[in-house]
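Going line by line, the protein sequences match chains A and B. Under the working numbering, think of the first position of the first sequence as 1, with each following residue one higher. Under the working numbering, think of the first position of the second sequence as 1, with each following residue one higher.
Mixed in with the good hints there might be a few duds.
One copy or two, it doesn't matter: identical chains are merged, so the pair holds either way.
[As the list claims (entries may be wrong)] Derived lysine-lysine pairs resembling DSS-like cross-links, with alpha carbons at most 27 Å apart: (1) Lys-38 <-> Lys-131; (2) Lys-91 <-> Lys-33; (3) Lys-131 <-> Lys-91; (4) Lys-122 <-> Lys-91; (5) Lys-131 <-> Lys-49; (6) Lys-160 <-> Lys-91; (7) Lys-260 <-> Lys-49; (8) Lys-131 <-> Lys-160; (9) Lys-125 <-> Lys-49; (10) Lys-160 <-> Lys-125.
Since the hints were derived computationally from the structure, they do not count as laboratory data. None of the values given here were measured: they were computed from a predicted structure.
Protein chains: 2
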Amino acid sequence: MEIFYSPDTEGNRCGTGSGRCILTDDEAAHCVKVLRHKAGDIISVINGKGTMYSCRILSASPRCVEADILSAEENWGTHPYRLHLAVAPTKNADRYEWFAEKACEIGVDEITPVIGRHSERKIFKTARIEKILISAAKQSLKGSVPSVNAPMSVSDFILKYGTPEPAGDNTPEGQNLQDGHLRLIAYCFEDESRPRISVRQALEEYNGDEVSVMIGPEGDFSREEAELAVRHGFIPVHLGASRLRTETAAVTAAEAVYFKWMD
Amino acid sequence: MEIFYSPDTEGNRCGTGSGRCILTDDEAAHCVKVLRHKAGDIISVINGKGTMYSCRILSASPRCVEADILSAEENWGTHPYRLHLAVAPTKNADRYEWFAEKACEIGVDEITPVIGRHSERKIFKTARIEKILISAAKQSLKGSVPSVNAPMSVSDFILKYGTPEPAGDNTPEGQNLQDGHLRLIAYCFEDESRPRISVRQALEEYNGDEVSVMIGPEGDFSREEAELAVRHGFIPVHLGASRLRTETAAVTAAEAVYFKWMD
Numbered sequence: 001m002e003i004f005y006s007p008d009t010e011g012n013r014c015g016t017g018s019g020r021c022i023l024t025d026d027e028a029a030h031c032v033k034v035l036r037h038k039a040g041d042i043i044s045v046i047n048g049k050g051t052m053y054s055c056r057i058l059s060a061s062p063r064c065v066e067a068d069i070l071s072a073e074e075n076w077g078t079h080p081y082r083l084h085l086a087v088a089p090t091k092n093a094d095r096y097e098w099f100a101e102k103a104c105e106i107g108v109d110e111i112t113p114v115i116g117r118h119s120e121r122k123i124f125k126t127a128r129i130e131k132i133l134i135s136a137a138k139q140s141l142k143g144s145v146p147s148v149n150a151p152m153s154v155s156d157f158i159l160k161y162g163t164p165e166p167a168g169d170n171t172p173e174g175q176n177l178q179d180g181h182l183r184l185i186a187y188c189f190e191d192e193s194r195p196r197i198s199v200r201q202a203l204e205e206y207n208g209d210e211v212s213v214m215i216g217p218e219g220d221f222s223r224e225e226a227e228l229a230v231r232h233g234f235i236p237v238h239l240g241a242s243r244l245r246t247e248t249a250a251v252t253a254a255e256a257v258y259f260k261w262m263d
Numbered sequence: 001m002e003i004f005y006s007p008d009t010e011g012n013r014c015g016t017g018s019g020r021c022i023l024t025d026d027e028a029a030h031c032v033k034v035l036r037h038k039a040g041d042i043i044s045v046i047n048g049k050g051t052m053y054s055c056r057i058l059s060a061s062p063r064c065v066e067a068d069i070l071s072a073e074e075n076w077g078t079h080p081y082r083l084h085l086a087v088a089p090t091k092n093a094d095r096y097e098w099f100a101e102k103a104c105e106i107g108v109d110e111i112t113p114v115i116g117r118h119s120e121r122k123i124f125k126t127a128r129i130e131k132i133l134i135s136a137a138k139q140s141l142k143g144s145v146p147s148v149n150a151p152m153s154v155s156d157f158i159l160k161y162g163t164p165e166p167a168g169d170n171t172p173e174g175q176n177l178q179d180g181h182l183r184l185i186a187y188c189f190e191d192e193s194r195p196r197i198s199v200r201q202a203l204e205e206y207n208g209d210e211v212s213v214m215i216g217p218e219g220d221f222s223r224e225e226a227e228l229a230v231r232h233g234f235i236p237v238h239l240g241a242s243r244l245r246t247e248t249a250a251v252t253a254a255e256a257v258y259f260k261w262m263d
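The whole structure should be built from the sequences, with the hints applied where relevant.
Written out as structure tokens, the structure reads:
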């Protein structure tokens with residue numbers, strides 16, 4: 001089943017109105033030049049926001065394909081939870097691209113590259129990852145394409161996505177209950193004042209459907225970063241006994257969430 | 001922590017006797033040329049069979065490093081289960097190499113490339129995968145290097161590693177109890193006569209520590225292959241709602257087993 005991507009199904013870039021689906025650029029070229037689609041053919045198009053459209057082609061050129069929307073299926077190939085993965089850039093860009101592709105296949109909604117104090121790579125380009133996520137979503141028959149945020153520092157991420165600093169109760173569980181959102185930070189060092197539970201246990205004890213997981217760089221999160229995260233509602237977890245690379249740790253976190261909701 | 005690999009710690013390739021550890025070829029070159037180790041330095045060496053040796057270098061040349069074994073740690077970085085993954089070759093060899101690296105990081109003991117009726121790629125070279133597994137084991141601090149078997153057909157794999165065909169009881173569970181070894185086959189098609197359970201459920205219901213999982217090619221296993229597998233004790237499972245590539249399915253199976261034994 002060949003899927004096309006049209007981020008703007010109400011778009012007007014080829015001078016058509018609503019109820020139409022437009023393919024441009026690579027999507028149009030692939031549709032017409034590679035797959036040889038012609039007017040009258042039925043194609044499947046995702047809008048990247050969870051909807052799959054069945055469309056009949058009206059006009060087909062390598063630059064622009066116009067199609068009539070015949071039917072729409074919402075929440076097509078979506079998953080019953082919302083997962084945000086904050087993952088430090090890997091030294092080798094391929095490894096991050098691989099993680100993004102696999103996380104999309106398994107199920108992820110939002111990816112934020114986070115730069116930690118121990119990050120060796122501090123520059124990150126999101127454009128390439130966006131392309132990979134689009135093709136992974138098409139390949140794995142998902143109507144929704146995960147979003148990629150601009151890179152930010154670990155502390156900015158914590159302050160933006162964590163809970164407001166709690167006044168009294170300082171246990172991670174207490175903080176975590178503030179808004180029913182499960183926030184996890186995976187790091188490798190031992191800290192007696194703050195024992196880590198396994199990601200599996202943290203997920204088993206959780207009843208909601210919104211999860212964020214922070215995965216650090218090869219040099220791990222700094223103690224200050226871990227402390228700040230815990231103060232803002234992130235539960236410290238470990239990913240088991242194996243020593244995992246950053247991208248493997250990130251996929252392992254995605255799998256742990258995937259298994260929690262597996263029938 | 002830099003780990004070296006010496007598959008034969010009692011070896012004699014440089015004319016030394018027992019109680020010595022020998023690095024040759026790439027390992028010796030890496031030790032001497034790249035890391036500039038000299039006589040007297042202490043190095044860590046795995047034998048690929050689960051033991052890590054702490055050694056003091058006696059003589060160092062780019063072709064051969066001889067070292068005295070000071071201490072040995074058995075079951076170093078090993079996992080509490082035995083996992084055999086039978087995975088069909090992917091069209092793109094990189095994807096299989098990636099799976100092998102990740103499965104090793106997570107925890108796997110044996111990999112068999114299985115060629116199915118719907119396999120597009122029927123030729124497979126194990127040498128490259130063996131190299132990748134050695135470097136992944138070193139990188140993830142595991143004393144044991146997973147073994148890679150020669151490729152075989154799906155039916156040969158089933159006849160070699162499945163249970164003898166059961167006389168009476170024909171339920172997968174019944175067969176599975178024959179030797180306490182959990183055998184799973186993951187395929188995508190629906191078969192009312194043989195409903196699949198999730199890999200997670202199959203693992204939850206299992207009390208042993210020896211698991212085999214068969215993962216098919218992009219074109220899936222044939223119905224005949226699935227039927228033969230079930231007759232020989234393999235329980236039909238699914239890997240959840242997501243449509244996963246072969247290599248992602250294989251890693252997902254490794255993660256499912258990893259999570260079962262996660263504290």
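- prompt: Among all the numbered hints in the text so far, which are the ones the structure does not match?
  reply: When the structure is compared with the hints, none of them turns out to be violated.
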